[in-house]
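Modelling step: build the complete structure from the supplied sequences, incorporating the hints.
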Amino acid sequence: MIEDVKRVVEEVNRLDKGSLEGLAEELGVVLEERREEERRWPPLPNADAYEVIVTRMAPEPNGYPTLGHVKGLLVPFIYARLYKGKFLLRFEDTNPRVEKLEYYDAIRQELGIILEAAEEELGLSPGKWDKEIIESNDIPKMYEYAKKLIEDGNAYVCTCPVLVVRKNRNLGIECEHRDQSVDKNLELWEMMLDGSFKEGEAHLRLKTDMRHPNRTMRDPGIFRIVEHPHPIHGDRFRVYPNYDFSISVEDALTGVTHAHRSKEFEPHVEVQRTILRMLGLRQYEMIQFGRVTVEGIPLSKRYFRPLIASGILSGWDDPRLPTIRGILRRGISPRALVRFFYDLGPSKADVTISMNAIFAENRRILDPVAPRFMFVPNPIKMILMDVPDELEADIPVHPSRPEMGERRISLKSKDGKVELYISSQDLQELKEGEEVRLWRLANVRIRSILADEVTARYVPSMKTDVRIIHWVPAEKFTPVKLFRPISVYSYEVVGGYGEPNMGKLSVGEIVQLVRYGFARVDSIKEGAVSLIFSHE
RNA sequence: GCUCCGGUGGUGUAGUCCGGUCAAGCAUAGGGGCCUCUCGAGCCCCAGACCCGGGUUCAAAUCCCGGCCGGAGCACCA
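Take 145 as the starting number for the first sequence in this note's numbering and just add one per residue.
Keep in mind the hints are simulated off the structure, nothing from the lab.
Hints may contain errors.
As a list, the in silico BS3-like pairs of lysine-lysine whose alpha-carbon atoms are at most 27 Å apart [unchecked claim]:
id, residue 1, residue 2
1, K328, K342
2, K275, K407
3, K351, K292
4, K351, K328
5, K342, K285
6, K230, K407
7, K556, K620
8, K291, K342
9, K228, K492
10, K492, K407
11, K407, K351
12, K292, K230
13, K525, K556
14, K228, K272
15, K561, K575
16, K575, K607
17, K244, K492
18, K669, K625
19, K445, K407
20, K351, K311
21, K272, K492
22, K607, K556
23, K445, K272
24, K272, K244
25, K492, K525
26, K275, K285
27, K558, K575
Have a look at the derived ranges for each label pair, beta carbon to beta carbon [said to hold, decoys possible]:
id, residue 1, residue 2, range
28, I630, P305, 46 to 52 Å
29, L330, D353, 20 to 26 Å
30, G434, V610, 30 to 36 Å
31, P186, P305, 42 to 48 Å
32, T608, K492, 27 to 33 Å
33, K492, K328, 20 to 26 Å
34, G378, T496, 39 to 45 Å
35, L425, R545, 52 to 58 Å
36, I630, G577, 53 to 59 Å
Where a beta carbon is used, it is the ideal one built from N, C-alpha and C, also for glycine.
Structure, rendered in structure tokens:
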């Protein structure tokens with residue numbers, strides 16, 4: 145019997161897909177239709193256990209958000225919306241030494257822009273956070289929890305110097321403070337709060353296991369003294385909770401069901417679970433995701449600060465920087481960012497992405513809407529001869545979308561001559577005697593090429609299977625300065641002329657320079673346009 | 001060193017929990033073609049992957065064991 149089953153299964157397994165499908169049909173088995181929908185994200189673990197899914201992003205206001213933060217924002221946001229839950233923005237501001245008010249604002253602004261774009265691009269609505277929380281507001285509440293920990297014998301005040309603690313934690317040695325009485329600990333804790341100890345002299349630590357294989361679990365510090373004004377509370381507090389403590393209490397108290405953070409916090413899961421258990425607080429899902437680094441670009445603020453201070457970078461919005469500001473200023477649409485990170489997914493693997501991948505998304509979004517303009521870098525004068533009275537070119541705003549309109553450029557000839565500019569790059573490719581087409585204007589035959597001037601003869605033809613180049617009239621054009629980011633420390637400025645009406649652009653518009661690439665209008669002064677090159 | 005986490009086409013990702021619908025999906029980059037008065041976009045087609053070795057099983061990307069490679073943490077910072 146078993147042998148028979150074996151034989152039959154083997155036989156079936158040998159069949160190819162076609163005959164299996166035929167067989168299925170014969171037997172009346174209905175194949176489940178493969179769903180052709182947009183790629184879905186993997187489900188949230190244990191989602192059914194919660195009535196409402198609550199996620200959050202918890203940035204520390206210690207700098208301008210970068211590309212690296214976008215995943216940390218979008219992962220919880222997307223899940224919250226996918227599950228019709230709530231998304232919180234929480235400022236993790238418990239280290240006043242590095243936090244500043246301007247960073248709170250920068251984070252609100254930048255994240256706001258991205259979430260709005262997420263609503264547009266992915267249809268995840270509403271494209272904003274449901275509630276903002278300032279963690280430091282809850283410090284008094286955290287003091288209460290600290291007290292409870294001490295009273296239950298789960299925490300003690302330690303006055304060992306840093307180096308001793310470091311050594312003890314490495315070696316797994318318990319110090320004498322560990323066995324202090326509850327009363328003694330309460331007394332010392334009050335002293336921490338009332339200023340009897342200076343910064344660094346006393347710490348409240350969790351009593352766990354000094355020989356735990358996971359070293360973050362060896363009596364982690366949960367409160368310390370910081371003698372530095374807080375950007376919001378000034379001198380109100382001198383004792384601040386540490387990361388593991390504040391995050392656990394806050395997540396539990398604000399109803400978070402799924403807490404996302406980057407993978408480096410993996411070892412802290414155990415610490416946080418322990419804190420929750422000791423405090424009798426609600427447990428929730430802790431999910432780690434892989435870090436994102438950009439090929440060739442450091443993401444650390446520490447690295448950029450001196451470059452900004454020394455003027456090598458113009459500020460936190462320098463288009464060479466991977467800050468969100470910098471990237472937007474460069475002309476990357478926030479929708480491109482959103483789409484990119486959506487496709488990236490919430491995976492736990494660390495990834496190195498290339499800016500080219502982001503550029504590809506941006507092109508996809510910009511191409512259908514960006515108005516086209518002719519731009520002639522490094523212009524060289526071209527003199528056209530044998531021109532009838534007038535040449536006219538109707539330039540479409542967007543060749544694939546005639547409804548966007550067109551503009552007319554007319555060139556009047558003087559004694560049969562017309563002057564215009566072409567780019568020296570194009571000129572290099574031209575040969576004397578060659579017929580070329582000036583885009584949408586006329587065909588010409590190159591007569592002579594000199595170092596700073598080229599002459600050509602008008603050809604009454606519409607042939608388009610010749611080389612097509614771009615031009616601007618010599619009589620009227622817009623001076624253009626194009627800033628091309630190369631790396632964090634370098635850039636190139638390309639000067640040239642643009643079509644006459646480029647002077648009417650406004651700051652923030654993103655255009656396509658035909659045959660050149662996308663660029664964003666950064667500023668306009670006295671009719672001259674400054675562009676920042678986005679990408680090809 | 002210790003602890004933890006990963007490894008699917010060039011790149012990124014889905015699938016791994018609960019083995020069969022996966023001779024593996026999607027995107028991007030690559031090749032070819034069509035279209036186009038942009039070297040852009042669009043459309044069509046092509047090619048390309050389960051880290052290695054054992055094991056379990058009728059059946060393994062999926063489970064087990066061993067190895068290799070990569071990353072992170074080991075701050076009284078988050």
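- [ ] Could you tell me which of the numbered hints above are not met by this structure, giving the numbers in increasing order?
- [x] Failing hints, ascending: 12, 17, 25, 30, 32, 33, 36.
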